[in-house]
Amino acid sequence: MAKRWLACFSQTGSEIVNLSKALGIKPDLVITNNILEDKWKYHTDLRSLGTIMSAKHDKLMDYILDNGIYSPDNTIITLHGYLRIIPAEVCSRYRMINGHPGAIDLYPELKGKDPQVRTWENKGNYKFLGSVVHEVVPEVDEGKIIKSVHITNTTLSLEDTFSRLKMTSLTAWIFTMKELGLCA
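The sequence shown finishes on residue 184 if you use the working numbering, and the numbering steps up by one all the way, no holes.
Honestly, the hints are just simulated from the structure, not real lab data.
Owing to the predicted nature of the structure, the values given are computational and were not obtained by experimental measurement.
Take the hints with a grain of salt, since some may be wrong.
[Said to hold, decoys possible] In silico DSS-like pairs for lysine-lysine, Cα to Cα no more than 25 Å straight-line:
hint : residue 1 : residue 2
1    : K41       : K59
2    : K41       : K56
3    : K41       : K3
4    : K41       : K147
5    : K178      : K127
6    : K26       : K41
7    : K123      : K166
8    : K123      : K113
9    : K111      : K123
10   : K144      : K166
11   : K166      : K113
12   : K59       : K21
13   : K127      : K147
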């Protein structure tokens, strides 16, 4: 049975769009807690990926738990800037993977919110920039690291930091998706 891919986001969904383009695959479902009326706007190409489900976080988690279409045996759920804590019941039932734009394998203090900003503000403390893809467990950013990508920290601006971390994140995701058998 083919693996199914559910991709989750809270902001624009641009990482999902870029990952889909790089791999030539589309998620079976994109879910977001970013309601269309919110201040954020979706990436312009997001709708080309297919079905998007938009609801409050609790309703999305209930949908994942109650929907028989997405079996824990053949479904992988990826988080791409999904800014909510995943309930332990969901973490334990499904294989869930998160991307984190901070080299937490080298610098554990970058776990949690806004690692890009903290890296920039303290750039003298970080020789490397990097992103990781890790298993999701109930504790924030504590799951086993599947893939990490690092580059030398030569950023000149906060914008450059964000840009370079997006690149390392996409690279880590590409390797991970291939290892998971979600693409050729």
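Verification of the hints:
1. K41 with K59: Given that 25 Å is the threshold and the Cα spacing comes to 21 Å, the pair holds.
2. K41 with K56: Cα-Cα ~16 Å, so holds.
3. K41 with K3: violated (29 Å)
4. K41 with K147: violated (29 Å)
5. K178 with K127: Violated: K178 and K127 sit about 29 Å apart, past 25 Å.
6. K26 with K41: Measuring from Cα to Cα gives roughly 20 Å; hence the hint holds.
7. K123 with K166: At roughly 17 Å apart (the allowed maximum being 25 Å), K166 and K123 satisfy the hint.
8. K123 with K113: holds (17 Å)
9. K111 with K123: Holds - the C-alpha atoms of K123 and K111 are around 16 Å apart, at most 25 Å.
10. K144 with K166: Holds. K144 to K166 sits at ~21 Å (cutoff 25 Å).
11. K166 with K113: holds (15 Å)
12. K59 with K21: Judged against 25 Å, a Cα distance of about 29 Å means the pair is violated.
13. K127 with K147: The hint holds at about 19 Å.
When each numbered hint is compared with the structure, violations occur for hints 3, 4, 5 and 12.
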